[in-house]
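Novice: Now for the letters of each chain:
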Amino acid sequence: MTLGLPERAGTARPALPRAASWLLTNEFGLLALIVGFGVAFALGTPGFGSPFNLFTLGRVMAIDIMIGFAMMVVIATGGLNLSVGAIGVCSAMTFGCLSERAGLPLAFAIPGALALGGCLGALNGQLIVRSGLHSFIITLATMSVFFGVMVFVTRAEAFRALPAAISAFGKARYFGYVSPLLIVSAGVGLSLAALYRLTPLGREMLAAGASAPAAELSGVRLGRTYVLCHLLSGVLAGIAALMVVARTGAALPSMAGDLGQDWLLPAFLGPVLGGAALAGGRVSVLGAFLGSALVSEITNGLLQFRVGEFWVQTYLGLLLLIAVLLDLGRRKFLASIGSVAR
Amino acid sequence: MKPRLRLWLGADWFGPLAIILAASIGITIFDPSFLSPFNLQILMLATAVNVVVAMSQMIIIAVGQMNLAIGAIGGLAAISFAGLMQVWSFPPALAAAAALAIGVTAGLLNGALIASTGISAFIITLASLSVFKGADLGITRAQPFYNIPAEVKALGDTTILGPIPWLALPAALVVAGMWRLLNRQKVGRYILAVGGNASAAELSGVSISRTILWAHGISGFLAALAGVMLVARLQLGQPSIGDDWLILSFAAPVIGGAALSGGHVSVFGTLFGVVIVAVITQALVIFRIDPFFVQVVLGLLILAAVGLNRMREVRFAGA
Amino acid sequence: MLRSLKTINMIAAAALALAASATASQAADATKVALVPGGPHPYFAAWEKAGQDGMKDFKLGAADYRVPQKWELGLQNSLLESLLSQGYNAFLVFPGDPVGSNSTVQELTENGAPVIATAGCLKEPTTALFCFGTDTGNSAYLGTKELIKAMGGKGRIAHFTGFLVDPNTQLRIDAVEKAAKETNGAVTVVQVIADIDAPGPAEEKINAYLAAHAVDVDGLVTTAWVPAVVASNALRKIGDKRIKMVGIDHDEVVLKAIKDGFVNGTMLQNPYGQGYIGSYALDRIRAGCKVKKDAPFKTIALTNRFIDSGTVYADKDAVDNYVGSMQSITKKIFAEFEKTYLTCS
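Listed in order, the protein sequences are those of chains A, B and C. The opening residue of the first sequence carries number 0 in numbering that gives the first Met the number 0; numbering runs sequentially from there. The opening residue of the second sequence carries number 0 in numbering that gives the first Met the number 0; numbering runs sequentially from there. The opening residue of the third sequence carries number 0 in numbering that gives the first Met the number 0; numbering runs sequentially from there.
Be aware that one or more of the hints could be misleading.
Claimed, not checked - Listed below are the simulated DSS-like cross-link pairs for lysine-lysine, each with C-alpha atoms no more than 27 Å apart in a straight line:
1. B:Lys152 x C:Lys240
2. C:Lys122 x A:Lys170
3. C:Lys258 x B:Lys152
4. C:Lys315 x C:Lys177
5. B:Lys152 x C:Lys255
6. C:Lys177 x C:Lys144
7. B:Lys152 x C:Lys315
Stated by the list, open to error - With the C-beta cut set under 7 Å, the calculated list includes, among others, these residues of chain C facing chain A:
8. Glu80
9. Ser84
10. Leu163
Source of the hints: derived by calculation from the structure; they are not laboratory data. As the structure is a computational prediction, the values presented were derived from the model and not from experiment. Think of the CB as a built atom: it goes at the ideal place given N, C-alpha and C, for glycine as much as any other residue.
Construct all of the structure, not just a fragment, from the sequences and the given hints.
Specialist: Put into structure tokens, the structure is as follows:
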């Protein structure tokens, strides 16, 4: 038994054959939905399958996936980070300041911006650990503070004269279909998967999320773990924000909405659809990847179908509801046949 | 310390009230127009709507959950109210009743899903937030309903007894009603019990599902009421009503001493929390301080409030 | 199990290929215009009718008014990209951001769709053909001068204006300042409140401001639709007609306030003309016309390829016929448009 991790994380004795139990996983379900919707959209509309649309879809997917990752790493430890949007915008504006105002080359501006994201995240972590309060209320407060300070410092003015390289990166197109942003997201995804599977730190994070007391008894330093996970969340939010900057070619304070609120829905949709438990201790990086991808795909497809731009949100909400209900049903079914839920 | 004084100092509403008095005195010294009738009217108008929003969230905090959808429910109710009057010529009273019914139904839907599936309120209300907001925008195509009947506009505009706006009346009724509910009514006691310790409550015979339904139904009703009041105040049916309710709806109860884990809220503390926010916002305008600062101040207030609550929990345990 | 997965993948690939080829072989000769504002706002409502009329009059394939759900650049960009994939091949765009929209506009033009920045300009260099809109700086300037006249040449002005993300806002702020400076100190701008082009913030901030500082101002100039409405209502409530005001656009509330004497006048813009003439221009471009390099463009802060869609000050006497005034401006611009700005071989 490793570190008090729940049985369900890996030492399963399935009552079903291997392949069949994979079919019942969340990830396969998401993959099937992605393919299914993809075919339906491609056949149903003239534009969905065009190289240009798939390229722009991939680009938007990449950003939503990163935002989902930023929330996922905090959900893993049983917490929430409502300030992902605010931290992201602060990172982006820092990048703008460093590269436009201070004239630093990208090699310094990008790490600088990400470092700020990490610091803000670490600040969240420290506040949470020191006060012992729930991360919901702390990050609700810091979301206001971070955003407010950012707006005050920048006077809500955007950085519009960024180096051409960054928007070129956003516009680049490989093989006619693939955006480099998507490659970055996939790379980050692989790193996160490695973090949780292979490194002690990753396992400690999951342990802390699954059962904090048990983890502490097993020697996990909870305080350090929480701070590190929020730091990671801040860095990931920064990467997402830089991707947005690459796509638009400018660093705008309004990029994530008021207080960064616009990022909250995509931040949760991906990981939750992907099977992360809000209580912590269980995340699926692949699931979060596929979950965000599915949401982006459906949004894109609905637009193609001329479903009024305004009704898209309703469909997304219904999708989330159906997904959690299906997941509940799936787990109940698996429990009833004696297999262990994944 | 005298027992009565100790009781008061330990009360949730004492801190916020003290802050309000101190701030008001301070601001008035600098700028006497702060206490002018027109200014008081503005303060009361802002507070009236916001206190109903805060109560809507407070009742859910009491039961130990969070309701992310109050803004969306409020927006949907607001445009239904305005739309029924403009497009289908409903009389205002009927349209308001319909809007409130929509709010209750939305709340009950949330409650039913939460109670029957056991899925966390966070996820359910996140999903329903999208559904309702999408419906709100879809019906209105993001354009407000401009034709609000004169009686409704008057409700939002006129005052009684000097500077007290008409809208303060429903707000006062809500505050009184909530106090009675949580302190005198069975349902209120059940809500606090389930929020405090659900298993113990269940063992004592409280039906958890029913209690959750009650809480969410009330929350939906209050959210819809706030939406309708805002239509009267803004004098149009704006689909974006409710978009900025999230932070305030948590800030006020928390400043007022609510425990996010459930089981402990203070009605008057929440009321004073709302007043503090209104006073500070107004002060920033009076002193021509950068309005961007409001966000920072709000966030710091929340941090300070939860920090203080924590300390008080330790210090006055049992008071 | 794996085999059926492979089959699914093959079917999916075949379907995609089929759809892609269908797109390619589609004859796309008819001009399909998409009119896309930065977000929902009453100002653009006239674009919808303008597009419909343009489609009829110029025999276009389509002239559709499509609105992003919110005032968010990412949403507008996604919508534009989606519209391109849906087959629209000409765009009238109000930029969500003068620079942030350039990337997407460039992608549109690279895919063969001409773009005209409408009612708001993109920052040069841009691949948009030109910018067609109100000279907002000039409009704000003229409006302020009318206000100063109404105030008797001296006093203090408060300026309420639009979104900070709107490229026009800073132009308007500067223009009002300029008009005040020209009085050599007789008139000063004592307060600028921006970012209130939405009912909630406008109500809150304008009322709070007037509550605290009504005695400190003699005139209001509003250079955005929603603040104009809210300020008109506020002045009506105050009732003493001491504070003079010049508004903008043609909301019923503002027009009625002008007739009743609470507001002195309004600066009209020409959203209908922008949509109508813009659709026409796009169609001609797709038919082979080119924009004249030496056309008599105006130069404003963001661009040197600016075409004025017209603005006019309407006071109490002119208010009843405001539609007529704007229509005659539109007719005039339309009649001379092709001759002045395009070369058609």
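Novice: Does each hint fit the structure? Answer for all of them.
Specialist: Hints versus structure:
Proposed proximity of lysine 152 of chain B and lysine 240 of chain C is supported: the alpha carbons are some 21 Å apart, at most 27 Å. Of the pairs offered as hints, the one joining lysine 122 of chain C and lysine 170 of chain A holds, with about 18 Å between alpha carbons and a cut-off of 27 Å not exceeded. Between lysine 258 of chain C and lysine 152 of chain B the alpha-carbon distance is near 21 Å, which keeps this suggested pair within the 27 Å criterion. Under the criterion of a C-alpha separation no larger than 27 Å, the hint pairing lysine 315 of chain C with lysine 177 of chain C is consistent with the structure, at around 26 Å.
Straight-line distance between C-alpha atoms of lysine 152 of chain B and lysine 255 of chain C comes to about 17 Å, which keeps the hinted pair within the 27 Å bound. A threshold of 27 Å between alpha carbons decides the hint, and for lysine 177 of chain C with lysine 144 of chain C the separation of about 10 Å falls inside it, so the pair holds. Our distance criterion of 27 Å between C-alpha atoms is met by lysine 152 of chain B and lysine 315 of chain C, whose separation comes to about 26 Å. Interface hint status for glutamate 80 of chain C: upheld, as the beta-carbon distance to the closest one in chain A is roughly 4 Å, under 7 Å.
The beta carbon of serine 84 of chain C is positioned within 7 Å of a beta carbon in chain A (closest approach about 3 Å), and the interface hint is therefore held. Among the interface hints, the one on leucine 163 of chain C holds; its C-beta lies about 5 Å from the nearest C-beta in chain A, closer than the 7 Å criterion.
The structure fails none of the hints (numbered hints given earlier).
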